[in-house]
Structures are given as C-alpha cells and as structure tokens.
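Protein chains: 2
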Amino acid sequence: MTMEFEFEELIEQIQNHYENRELSKIKEILSEINPADIAAILEELPENQRLLFFRLLSKEDAADTFVELDGDTQEALIHGISDTELREVLDELYLDDAVDIIEEMPATLVKRILKNTDRETRKAINILLKYPDDSAGSIMTPEFVDLKKDMTVEDAFKRIRRTGVDKETVYTCYVTDASRHLLGVTTVKDLLLHDYDDSIEDFMETNVIYLNTLDDQELAAQYFDKYNFLALPVVDMEERLVGIITIDDALDVIQEENTEDIQKMNAMLPTEKTYLKTTVFETWKSRFPWLLLLMVSATFTGSIITGFEDKLATLTILTAFIPMLMDTGGNSGGQASVTVIRAMSLGEVNFRDYFRVIWKEIRVGLYCGLTLAAVNFLKIWLIDKLAFQNDEITLLIDVAICLTLVVEIVFAKFIGASLPMLAKRIGFDPAVMSSPFITTIVDAVSLLVFFGISSAVIPQLH
Amino acid sequence: MTMEFEFEELIEQIQNHYENRELSKIKEILSEINPADIAAILEELPENQRLLFFRLLSKEDAADTFVELDGDTQEALIHGISDTELREVLDELYLDDAVDIIEEMPATLVKRILKNTDRETRKAINILLKYPDDSAGSIMTPEFVDLKKDMTVEDAFKRIRRTGVDKETVYTCYVTDASRHLLGVTTVKDLLLHDYDDSIEDFMETNVIYLNTLDDQELAAQYFDKYNFLALPVVDMEERLVGIITIDDALDVIQEENTEDIQKMNAMLPTEKTYLKTTVFETWKSRFPWLLLLMVSATFTGSIITGFEDKLATLTILTAFIPMLMDTGGNSGGQASVTVIRAMSLGEVNFRDYFRVIWKEIRVGLYCGLTLAAVNFLKIWLIDKLAFQNDEITLLIDVAICLTLVVEIVFAKFIGASLPMLAKRIGFDPAVMSSPFITTIVDAVSLLVFFGISSAVIPQLH
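Chains as they are written, first to last, in our numbering: chain A, 21 to 482; chain B, 21 to 482.
The hints are simulated quantities; they were obtained by calculation from the structure and are not laboratory data.
Among the hints, a few may not be true.
Which copy is meant is left open, so a pair is good if it fits within one copy or across any two.
[Stated by the list, open to error] No farther apart than 20 angstroms at their CA atoms in a straight line, the calculated lysine to aspartate or glutamate pairs in the EDC-like style are these:
#: 1; residue 1: K187; residue 2: D210
#: 2; residue 1: K246; residue 2: E39
#: 3; residue 1: K168; residue 2: E225
#: 4; residue 1: K331; residue 2: E412
#: 5; residue 1: K209; residue 2: D81
#: 6; residue 1: K45; residue 2: E29
#: 7; residue 1: K297; residue 2: E63
#: 8; residue 1: K168; residue 2: D222
#: 9; residue 1: K143; residue 2: D256
#: 10; residue 1: K209; residue 2: D175
#: 11; residue 1: K178; residue 2: D197
#: 12; residue 1: K246; residue 2: D117
#: 13; residue 1: K297; residue 2: D373
#: 14; residue 1: K178; residue 2: E188
#: 15; residue 1: K79; residue 2: D222
#: 16; residue 1: K131; residue 2: E80
#: 17; residue 1: K246; residue 2: E26
Throw the hints in and build the complete structure from the sequences for me.
Structural data, given as structure tokens:
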C-alpha cells in the first residue's frame, strides 16, 4: 500500500465510521495499516477520538503506535489510560524507546511510568537515563542476544528462540565471556549458513568494531554509514558489553544530525520537533538570536561605507555595484563553508587535510573569480556603458570592480573553508561557521577591498 | 577497534612491512580489519602497491573491499587483474553492487566485466541497468528470499539455508504466488519465534508496504525513515515482485540526497564524488554557474540603487544601512526557505499545508521583525547617534530603517516559504529555491521598501 495518496482518504473513512458509530470498522482499518501510519492518523484526529481509537488497537500495535507518536500526544494518552493499559504498553516497549519517551515527559508522568514497570526494567531505565544527551549510551538498548563461544549453532538458535522475543534485533549476536567482555560477533545469516553442530567459536568474527558509551552519537551514525552494520555494540569504561545500537535508531540520529546541521548552517538554533509541530513562538526563539547577532555585525560593514562616504558621493555609480559585490562574496564563501562542513560531518575531511583543502579552495576561488570577472567586465562594458549609455562608467571603474571580484572570491573561499575547520579544531561546532556568518565577514572585507582598489585605480578618487 | 586514531598508524605499519618485503605481515593486518577500512587504506597508498595488496585479500574480503573503493581505483584494479581474478570478484558481488560499479566504468571495461559473468547474471544486470537513475529499480537487487505460503517454518529455514548465501539479506522473506505476485512478508525473527511446523500463511504480514520500480529513490528513503524496515519490496508494472531495496542502500540514498539538498540550497550543482576526490575543475564547474546567475541577478538590485542615487547623495547616511538591511533580509528568507525545504524532503510538509505554512511564517516574521526593529531602534539612537554623535541621524531616519526591517523580514519569510513549495508543486526541485536565490529577490524588494519608506517618512527626501 502506498500511503502518500490514501492518507486523507483513510482519515475521511474513519471519520464517517465514527459518525455512524461503527467502531468495529475503524478497528479493522487500523489493524491493516502500519503503526507508523496509525500514529500519523491519530495525530490528525480530534483529541477526543485519539484515546478511543488507541484502545481499539491490539496490544502489540498499541505499543508500536505509541512509540511513533509525538511527545504531546503520548502525554495526553498516558493521562487518559488506566495503569493496567499503561503497563501493557510499557511491557511491549523496547527499553531504548521507553527511555526516549520518558525523557520527553514531565516529572509527574515519569513517576507514574516508572511505578508501572517491574523493578529490573526500572533499574535498566535509570541507568540509560544517566548517559549524556547525544552519547552512544543514550541511544543504545541493553536488550541484545548474547552467546557463549562454546555454543553450537543449535544452542544459539535455541537461545534466540527462548530469549529473542524481547530483543530489538536478533540478527546480530554477541559472544561474551563470563565477565561480559566482547569476544566476537556473529549473525543469524552466518548461523543459518553453518551446520547445526558447528561451534560458534570457529566462525565468529573476532575483530569487532564497537563504540564506547560516552562516544558521540554522531560517531555511531558515521560507523553505520561506513560499515553497513545492522547493529553496533557499545561497551562501558571497563570494556564490558552493555548495549547495542540498532540501525533504525542510527537512521534517526543521521536524520536528526542532518537537520541540525542544515539549521545551524542557515543561522538557526536547532529545534527538536517537526516543522508543523513547532509553535510560532518556538520557531521565533530558534531564529531571532542569530538574526540579531548578524544584524549587529553587519553594522561594521555599514561603518565601512560611512568611512568612504565622501568618495562615494563624488562617484555615486560605485554604490550601484555594492549589492552585486556583497552577494557574490557571500555566495562564494557560503559554497566553500557548506561543502567543507558537509565533508567533515560525513567524515570525509579531517583537520589533517587543512592545507589540502585550503589550497584546493584557493584555486577554485581563482577560477570562479576569473570566470565571473570576465563575464562581468563584458557585461559592464557592453550593457551598462554601451547599451544603456551610462557615461559615468570608465575602463578603470570596470577594472576596479572586476579586480575586486577576483580578490573577494578567493578570500571568500579561503575564509569559508578555513573557519569551519578551525572551529572544529578548537572544539566548536563547524556548522555554525557557515554562510550567514561567513557572509558577514566577507561583506566587510569585500567593501574594504573594493574601496581600496577603487581608490588606487580610479583617478577621480585620488 | 576504533579506527579514527589508528588509521595513519596502520598505513605507516604497512609501509614499513612493505619496505622490509614482509608481505605476509601485511596480509595478516589486512585480514583483521573491515573491508571498508581496507578500501580507505588502499586509496591512501601509492598506485603500485594497491594491486599487490589487493591480491593478498581473501576472495570474500576482495569483493567486499572492491565495492567500497572509489570508481577510479576500481577502474585501475580491473585493468591490473586477470580475467580469472575479475571473475572471482564478480562472483562474490551482489547484483546491485555490480550494477553500481558498472555504471561508473568506461564502455571497454563494461564489456570485459560482462564477458566475465555468466549468462544469467549478465541478463539480470542488463535489466537493472535499464531503470532510470534515481528510481527505486536502480537501487534494488533481484536477489531476495522468496517463500510460498504453504511452507512451514522448517521448510522456510531449509530454503534459506539452501539459497541464502547469495542473498543480500535473508532476514526479510517475501511470500509470492506462482505468478510472482506479493502475498505477504515475514521475517527470520518471526520464523524463529514460531514452531517448526507452523505454516507461514498463518502468521505472515499481508499488508505489505512496497514500492514500484519507477518510484523515486527518495520515496524509498522516506519509507525506511518512517517504517524502520530492513528491506522494502519493489514490484513492476504488473505488480510482480522483482527486487528488494536493503537498508544499507537506502542509507546511502539518504546521505546522497542530504548532500545534494545541502549543495543545491547553497547555490551549487550536485557533485557525486567525495570532496577530496572532486578535482578543482569539477568543483569549479559545480559552483560558477549559480554564482554567475546570482551575480547577474544582483545587478537589478544595483539598478534600484542607481535609480535612487540622487536622494542617497543628499542623505548619504542611508547608504550605511544598506548592508545591514540586505543581510538581515537574506538571512530571514534563508531561514524560512531552508526550514520548509528540509520539512518537505523529510515528508513532514506537503503542498496541502501551504496556507498553514505561510500563515505560520508570516507570524514568525512579524515577531522576528519586531524584535530586531526594537533592538535596532535603540542601537541606532543610543550608539550611533548619542555615543558616536552622528548628527545626520534623526528620529524619522531611525523610524524608516526599523519599519523597513519589519516589512522586509515578513516579506522574506513569506517568499522564503512560498517559493520552495510552489517550485515543488510545478515539478521543480524545491532545494534550488533557497537562501542565495531568495536573498537576491529579498535584496531588491528590501531596497525598494527602504527607499519607499524613507521617501515617504524623511522630510529631506521629499
């Protein structure tokens, strides 16, 4: 079923059944669609219907749907359901999902949730809650299949059959010793391709790639990207296996980090909710601080113009080229910074590549600068001067403008590539050093270069 | 093993062993690391060593490493190895990976590759090659586990054990009828949790979410993101199951599409290679067209200034505020456009949300505008006028500037959110309608608003 086009139709059907009090038909519809879609539908429905329909779901669907809902809807549902219902949902949840939900809830609800879990689960949840935000520990689940090295394939399958139902994934199995140190890893595919009496020790992979609980979740994302794993083990300070990260959580991290990078690259503070669920006030809060900072910074650019006011007054035509020079500088710098930031967050570029990157950007800047200068030279001469007969324009003015273009573009590429790398080097987030910030710097420098070159080259300004 | 810090050390070790002609030690090192890392190491080594070390790899590692190499290195290796070696690598490859490689190769090498595959594989490759770029068909593999509905769990496991070795994933199994129509789907986890004599028909999931071969690969990425699948079935025009997309390929698509969006959002044509592997010339080619277009467009902004030149000459102080107004307008519009583009590519926002989005952005714009205007009003009055004693500044000038800020920010938010949505509606890529493009429009409008308001409000300009 391709949901794209059927979504609104489904909601309409459900509304019709609701008006005709045909709850059994709604139950049937919901039982046939994926929990992610049920969640999307519930969120679109009026609040009084949500709880009603949620109660129509099978126990398993209810839990799977619950995980997919946004925090506000989850909160409202928890308020509405009984302790017994809550316990049923919680029983079905994987621990990492339970932790994600708890992290979003107000303290009173957290209490009620924890009260309705058994002691062991509560203990495990409390451990997970302690890992720092954005750490590998915060996105892992302690529910994985662990095997011993002297098990046979048959033993392993028995163990998976016995314990697998509660594990988020059974496909990657970890072999540990008595003190929970990681000895090796194997997959259900490998198990299936070996004989029942083969010993796991004989074919398990012993060079295991793993993370530490305190590693950044971004590193987890990079590993999944690079190694094509379905799950990645996480060890604690004593190198004991304490959890695994599954690819679905890594995918969420990847998308989250991408969105965050894109927001920072464009002068916004990151928001956690989806666009339509972020309130106007929250959106405003994420946007005005950078706008304000950049506005104040742009004042310096203004004062450069003020300092040159007298000369601009004698040759006002120069003012007309300021927007073009500023925009081109900003765009050139933005291209470089965004490219370098992206390459760094994909793990393609590190600080050790600094000089390689700068040398490349300077050459690219030179080529771009010469291309643009050539076109601009002809355009000013043929269109502005000859076609529109603007007599103020002289050959030297044209030369000054085009020379400025080349210098500012090379500078923009240099600064655009440098700042993100230097920022990362000293521990800042490189994504902040992108277009808007670079633009502000390049603007000021471009004007200084423009006024400097003009003063030197154009006789009227001497 | 965390590779991050050990990478350069490993390369040094290998170089030392190479100088001492200890190839067996190199073989040992390579056998212990992940093929993705072997590929990264090979790419860093001098060309004459690559083939030598590639030949040290086990058959399986050789194929897995080969897939991870960049096109140029793959090409060089194919030139260096014998037909027998080539056949061994090709035998180990999954079909979708083989197709990816072939798509990058020059025609002569494609011939040699196809010559070294058996007839059936060649036929399958040729079918895959025909799907349009960026379609679901182009990233799928025809190698999946298919079951029949009257099979028992035991039958299913037998079938997986017999045919699984060549399948990219065995974890999701598809149940088809005699004419290859998709009846249901089940997973190895489900199989493991059922008794050996249970019939698949009784527990398979019959509401299967699938793609069509011609669907955009971006839709595949969205489905993986939303539904947490490990694989997604792809059907042809006659609704017959022809292949599956696995999550590792979906992840590649997600990262590719993210990079492409980020490039387009920042006035660049997408490049396919990683940053350090893109040549200066290729980088230039991806960057100068938009720079050029935006430079020429910025000329209109310049001519607005030219049209207002006389009035600017009577009150030159106004010129000093042009950079601030232009930058703030551009940044505000960029924030809106980038947010909306990202929300659309995550599938959070559709055209049916148009008025909701615009209404939200107008309010956010109003709030941001008022905040910035308030700060700016005080800043101009207290700092520029009182502290720096700039007597040219009057209350009405201050009012004109701040009024411009509010109007331009609201307009920037409106146009920034509108254009990407409208672009998508008429079939264009919304990512192109982002900051740099919006900036150019907002710049022109901001100046018109500024000059309009100034002329109306400030007596000297009447």
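Intra/inter-copy verdict for K246 and D117 if alpha-carbon distance must be at most 20 angstroms
between (25 angstroms within a copy, 15 angstroms between copies)
Please sort K209 with D175 into within, between, both or neither, judging by C-alpha distance up to 20 angstroms.
Answer is both; intra-copy 15 angstroms and inter-copy 16 angstroms each pass.
K131 and E80: within-copy, between-copy, both or neither at 20 angstroms Cα:
This pair counts as neither: shortest intra-copy Cα distance 23 angstroms, inter-copy 52 angstroms.
- Message: If the cut is 20 angstroms between Cα atoms, do K209 and D81 qualify within a copy, between copies, both or neither?
- Response: between (28 angstroms within a copy, 17 angstroms between copies)
Q. Are the CA atoms of K45 and E29 at most 20 angstroms apart within a copy, between copies, both, or neither?
A. This pair counts as within: shortest intra-copy Cα distance 15 angstroms, inter-copy 65 angstroms.
- Query: Is it within, between, both or neither when you check K297 against E63 at 20 angstroms Cα-Cα?
  - Reply: within (10 angstroms within a copy, 45 angstroms between copies)
Is it within a copy, between copies, both, or neither that the alpha carbon of K331 lies no farther than 20 angstroms from that of E412? The answer is both: 14 angstroms in one copy and 17 angstroms across copies each meet 20 angstroms.
Query raised in the report: Within a copy, between copies, both or neither: where do K178 and D197 come within 20 angstroms Cα-Cα?
Result: within (19 angstroms within a copy, 31 angstroms between copies)
Pop the pair K178 and E188 into one bin, within, between, both or neither, using alpha-carbon distances up to 20 angstroms. Within one copy only: 17 angstroms inside a chain, 25 angstroms across chains, cut-off 20 angstroms.
Treating 20 angstroms as the Cα threshold, decide for K79 and D222: within, between, both or neither.
Between. Shortest inter-copy distance 19 angstroms satisfies the 20 angstroms Cα cut-off; intra-copy 41 angstroms does not.
Within, between, both or neither: how does the pair K246, E26 come out at a Cα-Cα threshold of 20 angstroms? Between copies only: 16 angstroms across chains, 36 angstroms inside a chain, cut-off 20 angstroms.
Check K168 against D222 for me: Cα-Cα at most 20 angstroms, and say if that holds within a copy, between copies, both or neither. within (12 angstroms within a copy, 33 angstroms between copies)
In the structure shown, a violation is registered for the earlier hints numbered 2 and 16, in ascending order.
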